[in-house]
Amino acid sequence: MDDLVLSLVRGAVTSPFKRPGHAGTTPPAGRAVVPPGRIAPGPLAAYSRICGFAESGPLPLTYPHVLGFPAAMRLMTARGFPLPVLGLVHTWIEITGHRALHPTDQLELTVYAAELNPHRRGTEVTMVTEARISGELAWESRSGYLSRHAPGTTDAPSRPPAAPPELPAVTEWRLPADLGRRYGAASGDRNPIHLHPVTARLFGFPRHIAHGMWTVARSLAEAGGAAGEPGRIRTVRADFKAPVLLPSTVTYATDGTAFEVRGGSRVHLTGGVTREG
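If you count the sequence shown from 1, position 8 lands on 8 in the working numbering, and the numbers rise without skipping.
Don't read these hints as lab results, they were simulated from the structure.
Just to be clear, a hint being listed does not mean it is correct.
[Stated by the list, open to error] Derived DEER-like restraints, expressed as beta-carbon distance ranges:
no. : residue 1 : residue 2 : range
1   : R99       : G204      : 33 to 43 angstroms
2   : T104      : R266      : 35 to 45 angstroms
3   : R182      : G37       : 17 to 27 angstroms
4   : R266      : G30       : 33 to 43 angstroms
Please read all numbers here as calculations on a predicted model, not as lab measurements.
Just so it is clear, CB atoms sit at the ideal spot from N, CA and C, and this is done for glycine as well.
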């Protein structure tokens, strides 16, 4: 049984005993460190294929997040982590590539919880992943994960923000029913909500859903997103708005900086990038 599956099993056991409404605002102090090691070419090639990246050249900007995700799951399913991992919703991610990364780089990864904040729908934790090469920070990501429950104080705005203008459509993606299983095999993220309609219905979804991180990665691949190369994407911020049910057809739209993924009138993902050079 691999590391992520073990974490999911541990999360299923510990989640019922956690009370997110009493989590407070102090994040857990533990850190997970993954020592430098070679990036396995087989999983990287499979990930690049399923997300639409080139199978040669710089490392995809999103891939260090995949490498650090097992460590993040170990932290989030530990007994001392205040939020139950079952039902935790990935709400946003910010990634910065400080330099070009390549498949031959040996990355030391550090993962920790940076913030624990009240949210209008519950409690949100910010998880940080950092990648270093010879001690130098080369890449980092920050992700928000929401535990939904009856909140105490709320940060809800007095009125909803105005909807931004619709971005011009660029292409359509036809997402097959087995996309979650294929991405799960490539990334290691085999959360049951992504694998099959039956397991997804156990968590309240009518069908299984696409991985949010696949949607971000596919958007960056469409935009030309290798990590840190001149003219390529250096930073990305993405916000997950609504799940993408499988199978489905969605539209990728962009003005060159801002982007979104939508299905009909429903927006699933919004984001924006900056480029080097």
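Quick rundown of the hints versus the structure:
no.	hint	verdict
1	R99 to G204: 33 to 43 angstroms	holds, 41 angstroms
2	T104 to R266: 35 to 45 angstroms	holds, 41 angstroms
3	R182 to G37: 17 to 27 angstroms	holds, 25 angstroms
4	R266 to G30: 33 to 43 angstroms	holds, 38 angstroms
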